[in-house]
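Please arrange chains B and C on chain A, whose structure you already have, making use of the hints.
Residue numbers (the working numbering), protein chains in the order written: chain A, 758 to 960; chain B, 1130 to 1514; chain C, 625 to 1084.
Keep in mind that the hints are not guaranteed to be accurate.
Simulated crosslink set (DSS-like; lysine-lysine; CA at most 25 Å straight-line) [stated by the list, open to error]:
1. A:K782 <-> B:K1314
2. A:K824 <-> A:K782
3. A:K782 <-> B:K1435
4. A:K901 <-> B:K1418
5. A:K782 <-> B:K1341
6. A:K824 <-> A:K901
7. B:K1314 <-> C:K1075
8. B:K1469 <-> A:K782
9. A:K901 <-> B:K1469
10. B:K1193 <-> A:K824
11. B:K1341 <-> C:K1075
12. B:K1314 <-> A:K901
13. A:K790 <-> A:K802
14. A:K824 <-> A:K790
15. B:K1193 <-> A:K782
16. A:K901 <-> B:K1439
17. B:K1418 <-> C:K1075
18. A:K844 <-> B:K1193
19. B:K1469 <-> A:K844
20. A:K824 <-> B:K1469
21. A:K925 <-> A:K901
22. A:K768 <-> A:K790
23. B:K1426 <-> A:K851
Please keep in mind that the hints were generated in silico from the structure rather than gathered at the bench.
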Amino acid sequence: MTQEEVCTQLKEMFGEAVGALSETKGDRFVVVKGEKIVEVCRFLKTTVGLEFDYCQDITAIDWPARKVIEVVYHVYSLVHRHGLVVKVETDRDKPTLATVEGVWKAATWLEREIYDLFGVNFEGHSDLRRILMPDDWVGYPLRKDYQEAGGYHGIGNTRPDPLVQLSKVTDEKRKAFVAAAVAAAAAAAPAAEPAPTAPEGKV
Amino acid sequence: MAIDMELDRHILRRTDAGDEEIVVNFGPQHPSTHGVINFVTQTNGEVIRRSVPDVGYLHRGLEKIGEQVPYPGYMPFTDRIDYLAAMFANEGYAAAIERLLGVEAPPRAKYIRAIAGELCRISNHFISVGTMAQDIGAATPLTHALRERESINDLLEELCGARLTFNYHRIGGVAFDLPVGWGDKVLRFLDHLDSYIQEWDRLITFNEIFVKRLANVGIITREMAINYGLAGPNLRGSGVNWDIRRDMPYGAYPDFEFNIPVGTGRVGTVGDCWDRFFVRVQEMVESSKIVRQALAKLPEGDIQAKVPRKLKPDAGEAVGRVESARGEMLYYAVSDGSEKAYRLRVRTGSFMAMGIVEELSHGIMVADLIAVIASLDVVAPEVDR
Amino acid sequence: MKITLGLDSTSLTRRYPRLAILVTLFMAFGVPLGLYVAALAIFPLNTPERLNAMAQQWFGFDLAGSPYRYLVYTLFLLLVAFIAVNFTAIFGGVSTWVERRVAGRMQSRIGPNRTGAAGFLAWVADAVKMVLKEDTIPASADGLLFRGAPYFSMVGLLLPFVVLPFGESTVVTDMNVGVFYVTAVTAFVVVGILVSGWASNSKWALFGGIRGAAQVLSYEIPAGIALMVPVLMAGTLSMQGIVRAQGGYPWDWFVFQNPAAFVAFFIAVTSSLAEGNRTPFDLPEAESELVAGYHAEYSGFRLAIFLMVEWANMWIMGGLAVTLFLGGWQVPGITDEMYKAALGTGLVPAPTWFVFQALSMLVFAIKTWALVFTFIWLRWTLPRVRVDQMMSLCWKYLVPGAFLCFIVTLLWQLLVPPVGVKITGVVFTVFALVLLVKFLIDTRRNIDRVKGDRVDLSNW
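Next up, chain A with everything else stripped away, as it sits in the complex (with noise of 0.2 Å):
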């Protein structure tokens, strides 16, 4: 089944909350209304002759300058072979959708990912907790407005330059070195014994 067809299925079942099928370059997607998510997936899911089963990506995209954070699904169906990609546009001030954990599993983790780095609130969703930042990390890192604290915990997230530091390191270690070199020289003149030699290394 094209892509056309699945989206004149999706129209004549949920009438306004799905879209049009988008003519932008690349791969096309399919808005559909942030309310209606969860019955869509599962009408994609259930319904013979799609059998949306398998859940490939759930992701999101931060606009603001359109004011909005898309959550985007990839649905696929091994039965048919035939996939789709599904768009939901939240609002970036609050953005809430339903979870549809009940429909793929595999939402369940993606799922946490996109409220750990972008904020959105899944409701209903069993257990919605930070997953790669730490539980008490503050802000949303994948959004484009994010700025770093400039610090977790103590452990800064700046070091002073590496190079410039050890160039300082060096000048006063050449400083040193001179000095101790006219020192020895001073001292040894009226000795006028040879210098001990360094000890032998391999080369």
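Below, chains B and C without anything else, positioned relative to chain A:
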């Protein structure tokens, strides 16, 4: 650390029956968790009640870096997403960006991609089955696997200069052509490999103790595997006959004839740990067939399509998929017309496999948890990116 | 000879190869030889009659009547114990070298080859390192129990040496309840495992300790019953008595004289492996699961004691099996009468007697080393069993099997005449030889089946 106490309170509750249950941490430093992953395990003696993976120790923000670095410059970062199967990581990214740009790699490049990819798959599977054997207690198969893998490392080093993080693919093709005489070296190695796999089977695959440890352990049914979004040998070990190379063909794979090994429950149940192990061993044999066919039919021509220096694809989005050694690796690139990606998403097979560990952990023993984690072939960098 | 340490990265072995070879030869052959000679000279003297006679003839001192005689006997026993403990420690060290080289060869790699010629001094270096390491004790560990636990294991290791016969007269003491004594004292090791697992106050150590206790205690049963089979065949619990009831040639060994003994041998060896925590039964210290289990929190000298116990236990395992089943120190061709005849009169026996003794010690050593090599081989080939599989193997298969062997041996002893025993011995020896030859042929064929490049070990 405070984190585990939080996990304790939120998730793990002690039974009121008075059973002495211990909460123990497998990891993050542990020889058998295949990377820096922590499994917070609640056990009653040797039997586990539940084991919750705690990932994120190796999170390096590679998806955010994809937004900061121009398209061609991101290729070395893809190596680090999965350093054991770096060729596939490179290839997936190149496939996604090529789709965005609308270019196609020339035929010779596609064949070389297949050769390099399949050699990388053999290399990765050696580590996977070798470390699995070591986790079960047999130390010798690992060193033998590493010895065989050394030959592949040498071959790939001759090809692209690196033993582990190859940075070999480019957007539009591959970076370097095959060295003179390289094909013969590969064929000599494959002759050795095909006869060595039988020794491997005699050593460990059908070893009585090994089979008893893995049969009927960590059974993932077909429905569970599809529902949890597993990919690659994990999915095929549960009996699902699905392989991107055959079912969503890309590159030069339509020109090759090869079988797709699927778990059959030969020594236990379909979808147990031994099936996943055996699928990987058989995949090595199939990869060797593919490389032979590719070397025999290798076309002449360019190795890289003409792409501009500064890549500025039109606004749009594209998905690139490869059948990585660890499952289907999906790169989702969104472009806004500038020279850096607007959003780069990497979905890896190990991430999905981590999601199923908690489900499988109810009621198994500590030693079985190790076997399950090993059979799912997770690597921490793929999980955390 | 200018020694510049610290600036040069080449090992001492590379820079002074002749010195390295000399030291290695001294450690590899000189020290064990010295121990053997000391054992040969001193162990046979370890009876009150001989000590009294020696004191009378050489020092003109009447020891038998002296009130201090027990002090002298005790001092002599301490000397003997010193030699035995030294032997244990050195065997523990040398067997680590053998294990690492053999494991390396099996794993297509080399093993230690830098410290000393062929890496032989690696165990000396390791021992020195262990002694010099910081002795860390976890803050929340039970201090007294943590510190004392390794010594329980060490005692459990060393006590069986009291009755293990190294040669015809080289045994510390030939108790008339030798086998019973060994079964009793090897249980000390489990005290060490359990106490260290508990006292470490670490969940991983506790896992290892509990597993170890369950395993060792469970496998005491089939081991004990299987060890009763040679006792039945010899009619005595004394170790020397059991060895004297066997002969030098393979068809005179107990293992071949009785089908039940053949099976009991394998049950005894498997149970010994389990008691010694060797793969496939190394669950208490499963490196890939528990990361060293019961001795995870130990470092320095106490860890060295645990490790010494584990490796020197192989000698006990092997030595016990050799003594009870494989003919012990019996040399093919030298009978009991020849030993007695060579003894001669006088305090110091004739040189022939010493030659016979040395031969018997050599035979014992070769047989025990062959078994130790087999244990090493098993360790690096087989994976590990799971806890419940280990328990079911013990209780469902080995215990009934051992009982069956016991009963069959009882009936065999009653019903089968000596000529039948002799025939069985020859038949089983031939059977074992056929198996050995088939094994060698199969190995050769398997090696030849793998085509292509072999690994280059010219850096051997």
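Here is how each hint holds up against the structure:
1. At most 25 Å may separate the alpha-carbon atoms for a hinted pair to count; K782 of chain A and K1314 of chain B exceed this at roughly 43 Å.
2. A threshold of 25 Å between alpha carbons decides the hint, and for K824 of chain A with K782 of chain A the separation of about 22 Å falls inside it, so the pair holds.
3. Simply put, K782 of chain A and K1435 of chain B have alpha-carbon atoms about 20 Å apart, close enough for the 25 Å limit, and the pair holds.
4. For the suggested pair K901 of chain A and K1418 of chain B, the alpha carbons sit about 46 Å apart, so the restraint of at most 25 Å is broken.
5. The straight-line distance between the Cα atoms of K782 of chain A and K1341 of chain B is roughly 53 Å, outside the 25 Å bound, and the hint therefore fails.
6. At most 25 Å may separate the alpha-carbon atoms for a hinted pair to count; K824 of chain A and K901 of chain A meet this at roughly 11 Å.
7. With a CA separation close to 14 Å, the supplied pair K1314 of chain B and K1075 of chain C stays within the 25 Å bound.
8. At most 25 Å may separate the alpha-carbon atoms for a hinted pair to count; K1469 of chain B and K782 of chain A meet this at roughly 17 Å.
9. Restraint check: the Cα-Cα separation between K901 of chain A and K1469 of chain B comes to about 14 Å, which is no more than 25 Å; the hinted pair holds.
10. Taking the CA atoms of K1193 of chain B and K824 of chain A, the gap is about 19 Å. The hint holds against a cut of 25 Å.
11. Of the pairs offered as hints, the one joining K1341 of chain B and K1075 of chain C is violated, with about 30 Å between alpha carbons and a cut-off of 25 Å exceeded.
12. Taken as a hint, the K1314 of chain B and K901 of chain A pair is broken in the structure, with Cα atoms around 49 Å apart against an allowance of 25 Å.
13. With a C-alpha separation of about 18 Å, the suggested pair K790 of chain A and K802 of chain A falls inside the 25 Å cut-off, and the hint holds.
14. For the hint pairing K824 of chain A with K790 of chain A, the CA-to-CA distance comes to about 16 Å; that is within 25 Å, so the pair holds.
15. This hinted pair checks out: K1193 of chain B and K782 of chain A have alpha carbons roughly 23 Å apart, not beyond 25 Å.
16. Only pairs whose Cα atoms come within 25 Å are accepted, and K901 of chain A paired with K1439 of chain B is accepted, the gap being roughly 23 Å.
17. Restraint check for K1418 of chain B and K1075 of chain C: satisfied, since their Cα atoms lie roughly 17 Å apart, inside the 25 Å limit.
18. Taking the CA atoms of K844 of chain A and K1193 of chain B, the gap is about 21 Å. The hint holds against a cut of 25 Å.
19. A distance of roughly 22 Å separates the Cα atoms of K1469 of chain B and K844 of chain A; the hinted pair therefore holds under the 25 Å criterion.
20. Between the alpha carbons of K824 of chain A and K1469 of chain B the distance comes to roughly 21 Å, so the proposed pair stays at or under 25 Å and holds.
21. With a C-alpha separation of about 38 Å, the suggested pairing of K925 of chain A with K901 of chain A is violated against the 25 Å cut-off.
22. For the proposed pair K768 of chain A and K790 of chain A, the alpha carbon gap of about 12 Å is at most 25 Å, so the pair holds.
23. Distance restraint check for K1426 of chain B and K851 of chain A: the Cα-Cα separation of roughly 56 Å exceeds the 25 Å cut-off, and the hinted pair is therefore not satisfied.
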